[in-house]
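Participant: Given next are the chains, with one letter for each unit.
Number of protein chains: 2
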Amino acid sequence: MQQPEHLKNAGLKSTVPRLKVLSLFESGQERHMSAEDVYKLLLASGDDVGLATVYRVLTQFEQAGLLVRHYFEGGKSVFELNQGKHHDHIVCLQCGRVEEFYDTAIEARQEKVASDRGFSIRDHALHIYADCTKKQCPHKP
Amino acid sequence: MQQPEHLKNAGLKSTVPRLKVLSLFESGQERHMSAEDVYKLLLASGDDVGLATVYRVLTQFEQAGLLVRHYFEGGKSVFELNQGKHHDHIVCLQCGRVEEFYDTAIEARQEKVASDRGFSIRDHALHIYADCTKKQCPHKP
DNA sequence: ATGCAAATGATAATCGTTCTCATTTGCGAT
DNA sequence: ATCGCAAATGAGAACGATTATCATTTGCAT
Numbered sequence: 002m003q004q005p006e007h008l009k010n011a012g013l014k015s016t017v018p019r020l021k022v023l024s025l026f027e028s029g030q031e032r033h034m035s036a037e038d039v040y041k042l043l044l045a046s047g048d049d050v051g052l053a054t055v056y057r058v059l060t061q062f063e064q065a066g067l068l069v070r071h072y073f074e075g076g077k078s079v080f081e082l083n084q085g086k087h088h089d090h091i092v093c094l095q096c097g098r099v100e101e102f103y104d105t106a107i108e109a110r111q112e113k114v115a116s117d118r119g120f121s122i123r124d125h126a127l128h129i130y131a132d133c134t135k136k137q138c139p140h141k142p
Numbered sequence: 002m003q004q005p006e007h008l009k010n011a012g013l014k015s016t017v018p019r020l021k022v023l024s025l026f027e028s029g030q031e032r033h034m035s036a037e038d039v040y041k042l043l044l045a046s047g048d049d050v051g052l053a054t055v056y057r058v059l060t061q062f063e064q065a066g067l068l069v070r071h072y073f074e075g076g077k078s079v080f081e082l083n084q085g086k087h088h089d090h091i092v093c094l095q096c097g098r099v100e101e102f103y104d105t106a107i108e109a110r111q112e113k114v115a116s117d118r119g120f121s122i123r124d125h126a127l128h129i130y131a132d133c134t135k136k137q138c139p140h141k142p
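Going line by line, the protein sequences match chains Z and Y. According to the numbering used here, the first sequence is numbered sequentially starting from 2. According to the numbering used here, the second sequence is numbered sequentially starting from 2.
Simulated from the structure, these hints should not be mistaken for laboratory data. No experiment lies behind these values; they were computed from the predicted model shown. Treat the hints loosely; a few may be bogus.
Since the list gives no way to pick one copy over another, a pair counts as held whenever it fits inside one copy or between any two copies.
Said to hold, decoys possible - Result set (BS3-like, lysine-lysine): computed pairs, CA atoms no more than 27 Å apart in a straight line:
1. Lys-21 <-> Lys-113
2. Lys-41 <-> Lys-113
3. Lys-14 <-> Lys-113
4. Lys-9 <-> Lys-113
5. Lys-21 <-> Lys-86
6. Lys-14 <-> Lys-41
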């Protein structure tokens, strides 16, 4: 059980809801989850935390650097474990599957584009919306 | 007055609110506007259209290809005239100013990344969030 | 000019998210 | 162990952006 350490290091006291949310992400079962997703999965596994708490905890975890928040199209934001390595996303419009990628050339060009224009990058989001070309989408929404 | 043609071509009958919204975008005064922005600007210039109508018209224009919608962080979407040429955006986190850019290398790499993974791109959004490095931000939010 | 489908505007409803506040809990000091 | 209190929680209200409802108005083909 290493979660309490994570929370301590993040300056958050280890409470039941926080441990549950964190271990849900660490279970690896679902990598990208919205607040609603987290809430429903916890309810489904018998743990009942309030929806408000889920929102609060997700925001705290984001601020603490434990999670990363993404704003995909459609208005709702999704979270994933912060594993240090930045990456961008391809979202399948058919099945909603999210695949991650990292491209050095793209990253470098972004820096150039920004500095050429007198900006210093704080963050960026590259979302490619696409269709799987495989016969059938392997995952469901 | 060429707007009625635009609307006709888009299969939309030319009504007063639609003409007003379109000419607001074509005035070039503000390039990126949210529904609320459009609504307030129209009110300010004495034209009173309903907020619901603004939302409807913006969505129709987007579907008709007259406008492009962007989902920036913060939940609200902004629209701009569709001038055919795709481009991405740098958003200043201090003042909210939006600058456009297009980078061939980035576009090409995206295609490669997607096809390498068996996806065919339908759309993409690259948003760089940054700070102006200039002494003071030139535009306000 | 006339009629009617389509469009509008006011308002209610919805959705994701945040706020409020009374109750509960983690945890350092005893 | 247990006490006390600040911090965290949960239920529900409140919120902002957007969409749906529905009675009234308007564009436009006849």
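Participant: Using 27 Å as the alpha-carbon threshold, which applies to Lys-14 and Lys-113: within, between, both, or neither?
Facilitator: Close neither inside one copy (41 Å) nor across copies (45 Å); limit 27 Å.
Participant: Reference check for the pair Lys-21 and Lys-113, CA-CA at most 27 Å: within, between, both, or neither?
Facilitator: neither (42 Å within a copy, 39 Å between copies)
Participant: Go through the copies and call it for Lys-21 and Lys-86: within, between, both or neither, with a Cα cutoff of 27 Å.
Facilitator: So Lys-21 and Lys-86 pass the 27 Å test inside one copy only (24 Å; across, 47 Å).
Participant: Is the C-alpha distance from Lys-41 to Lys-113 at most 27 Å within one copy, between copies, in both cases, or in neither?
Facilitator: neither (42 Å within a copy, 37 Å between copies)
Participant: At most 27 Å between CA atoms: does that hold for Lys-9 and Lys-113 within a copy, between copies, both, or neither?
Facilitator: Answer is neither; intra-copy 38 Å and inter-copy 42 Å both fail.
Participant: 27 Å Cα cut-off: does Lys-14 pair with Lys-41 within a copy, between copies, both or neither?
Facilitator: within (24 Å within a copy, 45 Å between copies)
The structure is inconsistent with the numbered hints 1, 2, 3 and 4, although it conforms to all the rest.
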